[in-house]
Amino acid sequence: MKTVASQVSKQFNALSERAQKHLKSLGHPQSVVIQVGSATCENAAGSREVRSEFQKHIAASGRDDIILRQTGCTGRCSREPIVSVFKPGQVPIKYELVNRELVHEIFTQHVLAGEPLLDKVLDGPMTHMYRYELLYCASERCGWNETKSCGDALREKIAAKGLGKETLRVDQASCFGACGVEQIGKCSHILVRPDKVLYRIRSEADIDTIIDEHILGGQIVDKLVVPGKTVGRKFMELYGDVSFFNRQSRVAMRHNGVIDPTSMEEYFRYRGFHALATVLEKGDPNWVIEQITEAKLRGRGGGGFSTGAKWTMGANSAKGVRYLVCNADEGDPGAFMDRSMLESDPLNVVEGMIIGAYAIGATQGYVYIRAEYPLAIERIKHAIQLCREWGLLGKDILGSGFDFELDIRLGAGAFVCGEETALIHSIEGERGQPRFRPPYPTESGIWGRPTVINNVETFANITAILNYGADWFGQIGTEVSGGTKVFALAGKVLHTGLVEVPMGTTLHDVVMEIGGGAAGKKKLKAIQTGGSAGGFIPAKWLDTKIDFDTLNKAGSIMGSGGMIVLDEDDCMVDIAKFFLVFSQEESCGKCTPCREGTTRMLEILNKITEGRGTEEDIERLERLAKLAQKASLCGLGKTAPNPVLSTLEHFREEFIAHVIEKRCPAKKCTALIHYVIDEEKCIGCTACARNCPVNCIAGQRKQLHVIDQEHCIKCGRCFEVCRFEAVIKE
Amino acid sequence: MVEADSRAVLGEDIAEFIDECRKDEHPRGLLIAVLHKVQAKFGFLDGPHLDAVAQLLRVPAADVSGVASFYHYFRLKPRGKYMIHICMGTACFVKGADLVAAKLKDELGITFGETSPDGMFSLEGTRCIGTCGLAPVMMIDENVHAEVTPDKIPVILEEYLQKARAEKE
Ligand SMILES: Cc1cc2nc3c(=O)[nH]c(=O)nc-3n(C[C@H](O)[C@H](O)[C@H](O)COP(=O)(O)O)c2cc1C
Ligand code: SF4
Ligand code: SF4
Ligand code: SF4
Ligand code: FES
Ligand code: FES
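Line by line, the protein sequences are chains A and B.
Per this note's numbering, residue 64 is the first one in the first sequence, and the count goes up by one each step.
Per this note's numbering, residue 294 is the first one in the second sequence, and the count goes up by one each step.
Worth flagging that the hints you see were computed from the coordinates, not collected in a lab.
Only a predicted model underlies this, so the values are computations on that prediction, with no experimental measurement involved.
Each hint should be verified, as a subset may be incorrect.
[To be verified] Straight line, CA to CA, 25 Å or less: simulated BS3-like cross-link-like pairs of lysine-lysine:
hint : chain 1 : residue 1 : chain 2 : residue 2
1    : A       : Lys792    : B       : Lys396
2    : A       : Lys458    : B       : Lys316
3    : A       : Lys689    : A       : Lys653
One chain only, chain A, in its complex shape (with noise of 0.2 Å):
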């Protein structure tokens, strides 16, 4: 054994130093970077252009000291593309939404010249700029004994000093994992920026000497410093800049943005294959199942189940062959953690998955991913390549005799195949149509062999787990659920992206604090989480705390952590019909009460949103989607009628509203509405008529319009050309 472990560091010590050299070799430290992301997103919002108008810039300047670096996704979608500058010495500086003129200007003004535009910034704009800003922990958790909040403290303590804005500027943060047991409830924690300091404060002479020691005297108080070995501190000095603005806690997500996805060698620097390393120096599988299992690690996929008991499942399975997959089919629309995961941080995933095969025994495994994510593919495949490279992937890895190989999957979009059955047998080149289970994959799944399948941030946890301690992951999240969850935000919101906080957050703080609530001043109405097997969460429950249990209870589930925002325009019963008309659409077609079930739900609610329903009918639709949850196959059918259950069970006035007053509340339902034409709004600029594609709209220049209701077709073209809000929706 002794040896097997000697082997193993000194051939990840070679490593290391290999990917030492390299970056030394890239430029000195007082170097200015410029930090641009690159994932399909972020691509889609325009970042290759701001890259290679970046890059003409630096060649022009002649300067040797500026690099130019790529990056995965932060996850702020709406604020892409956007464009880091760190400057020695200065507070970093995001910008967002970076054009081809900004980027002139950020490069003329903040890179050659030091002035940095800001108006222009990332959730901007700022004032002024500062010397330091002093991020303090407002979770709850760590909170401490004394009677004035730690914020207010700081506060005052700055305003009684007379510290001006331009010194330093305040603000609160997420957890910033460095809350122990033992510490709960007796401190709080700081961070200083730029200099990325982490103190621990346990009361207000604490703040004191900071603001006398290091703001003022430029010292950093050693005795106050989160001490060695936590995560909080290794965090900080690595991810402080990104990780936690917006008030979020990553740890799944922690690279994403901030490495380059394509070098090893920077992913080495962020700690890389360090968690393999030790696992293969201790050379006891059952002890990376045990730190497993010890950290409350449940699957992100949607089910939720405990990874550390699955992998136990899989290890004890019977010998010979075994499969590892990474399920990466991502199908649940509206959710896109996983591709950004793997966009951003491939090697994360693929090293959680290298010690997940050590864990459980398997000697191949397979990344099972859809082919709409071109980019995502590229980059797990670049990814693998350099693993066999650097021999971390093959034969005898890092010289302890294990033996792994990884290749890719691909799916061909079918929704269906993101179910573990079904995505056994598309592995095995079958249509992907889910079987009966038991057995579970665990026992008997690719070629009837044991297989172990786990989601992408399920995989993407496991190495900060090892790194940092599964006490420490455990601690994060609830009594029963360790650690973060990613939740994509997206629809009516008006921050789109990707959030990722502890379990047990409430809805309120993703959605209203992260999110900045519904985009254009609309009213929140709903929540959608789940996707087509969840449900919907009215606005008044925004207390409810994120969890997998939590969110079951009201109705719903926590899914792969998609969360679509609903704002008073929408149309429940509308919503609840789209889902279903997805979930009848990726029926694999195999048992009736699917197949069958769906369909006839569907023309139930075909017929409400064209307003022939009739009370009977809702009542018709329940039992239909009761019996089609119990008398289904598999997850899909099982789960297709929750979006129309809890549609009923929160806005079931709006079902009554369609069947008995024929009245759509929402005003969205074609068949329900029809378009008037306000005379006194109307100054006859002829531009409905003129776009009416079937010409039912009367009128003379600069005299009122009239729109012919039996001949219109509702297509709304009227009412979206009108500029000035003459054609009404009723």
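With chain A's structure known, arrange chain B with the ligands on it following the hints.
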């Protein structure tokens, strides 16, 4: 059909890829990968392609066509020069993807699954391409167009037509 004919139908590059696949312990598991390659090369899966794959990979022809028709991503009809995938996923739907889709259908004079008469565009509705934060989105070949509105459609289509014209010259 003799094997040489099958190789000719698919081309030597794909035939060789299949040869490689056959060395795998479970060649059948690579059927979907092979079909992806064929579609990438020819734009769609034609009957003769499927038969050739069946023969070279040693998989029953009925299984090959069964798999090809099960997965939505595989096209069994020829496609236009550019492939438009408009996302009809939840995030895009609530942000008005249906209006964008209607405009696309209107402009191209076709519906989902069809190709415009000039052979330039094929239109397909798809489920989430993972850029929900920039909804509504559509993908033309591998380029993602973000936050599209009906008004932007003619402009975007024209860009591609111009590109095609430029290529011709
Ligand atoms: C219809 C259906 C679709 C699913 N799609 C996915 C998916 O896209 N990604 C995923 O990880 N799990 C998906 N699952 C869950 C998987 O069956 C499986 O539970 C999961 O991959 C296990 O990984 P975990 O334990 O890490 O969560 C789906 C389940 C069903 C019933
Ligand atoms: S429940 Fe639906 S998707 Fe699942 S096996 Fe039955 S028909 Fe297929
Ligand atoms: S577009 Fe509006 S203002 Fe112009 S004619 Fe039509 S209704 Fe009147
Ligand atoms: S809704 Fe359409 S068909 Fe009806 S009047 Fe307006 S433009 Fe014409
Ligand atoms: S920022 Fe990449 S997920 Fe949107
Ligand atoms: S729902 Fe359209 S990209 Fe996800």
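Exercise. Any hints this thing doesn't respect? Which numbers, in order?
Worked result: Going through the list in order, the structure violates no hint and respects every one.
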